[in-house]
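Student: Work the whole structure out from these sequences, hints included.
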Amino acid sequence: MKPTLTLTFETGDELAKFVAGHFGSGQSQAPVAAPVPAPAAPMVPTMPTAAPAPENEDDDQGAPAADATGVDADGLPWDERIHAPSKSQNKDGTWRKKKKLEDAFVAGVEAELRSVQRVPVAMPAAPTPPPMPQVDQQPAPAAEGIDFHTFMQQLSAQMQKRDETGQPVINADYLAQATAEISGAWSVPLNAITDIPSNPQMITYAIQVFQRDGKWD
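As numbered in the numbering used here, the sequence shown has no gaps in its residue numbers, which increase by one up to the final residue, 240.
Keep in mind that the hints were calculated from the coordinates and are not lab data.
Glycine included, each C-beta is placed from N, C-alpha and C at the ideal position.
Each statement offered as a hint is correct.
Straight-line C-alpha distance at most 30 Å; calculated DSS-like pairs for lysine-lysine:
#1 K110 / K123
#2 K110 / K122
#3 K184 / K238
#4 K110 / K121
#5 K110 / K120
Derived CB-CB ranges, DEER-like:
#6 D186 / V211: 24 to 32 Å
#7 S179 / G207: 20 to 28 Å
#8 G98 / A199: 47 to 55 Å
#9 A96 / G168: 48 to 56 Å
Tutor: Written out as structure tokens, the structure reads:
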């Protein structure tokens with residue numbers, strides 16, 4: 024025979040409280056699954072970081088030289104004695120220099136480079152001698168090789184001579200005319216015949232003018 028327990032409650036609320044206190048809420052709880060840990064990420068081998076290359080104190084990295092002429096902003100070519108092997112330039116366009124160089128040594132090399140780079144100044148070409156005056160008479164004594172001192176001595180002697188009328192063979196008017204002709208032929212301004220001592224060819228030309236006009240013997 025099975026034992027039987029009879030419970031009497033005044034209200035349904037009392038019954039519900041009793042059941043809840045002794046038997047739980049009466050609702051079955053579904054078991055909660057334990058979280059499954061995510062699979063560990065595969066280990067990726069780490070490549071060793073390359074050690075920085077040792078700095079070369081004479082090879083500062085800068086902007087590469089861009090001047091097609093091969094010279095920097097100061098007009099100097101690259102020189103291994105004073106400039107960095109990288110052939111790079113500073114922001115101002117000058118070659119980067121090696122470190123630990125004496126200032127006097129650098130200045131000496133730069134002076135040498137400037138002297139090499141200096142373009143010689145073109146000297147004006149000497150004027151081309153004009154054709155010598157044609158002498159109509161018999162060939163006169165050679166005029167070439169006479170220096171200015173000898174020329175003036177012979178000119179003074181000619182000015183002392185007189186023609187058939189007793190007039191000087193070479194007077195002041197004729198001498199001024201001859202000087203103007205020499206000046207125009209050589210494109211050189213001459214104030215007087217004495218302005219030609221530094222040009223032997225001009226002296227020769229003057230003598231041949233006098234020979235042409237029969238005023239030199």
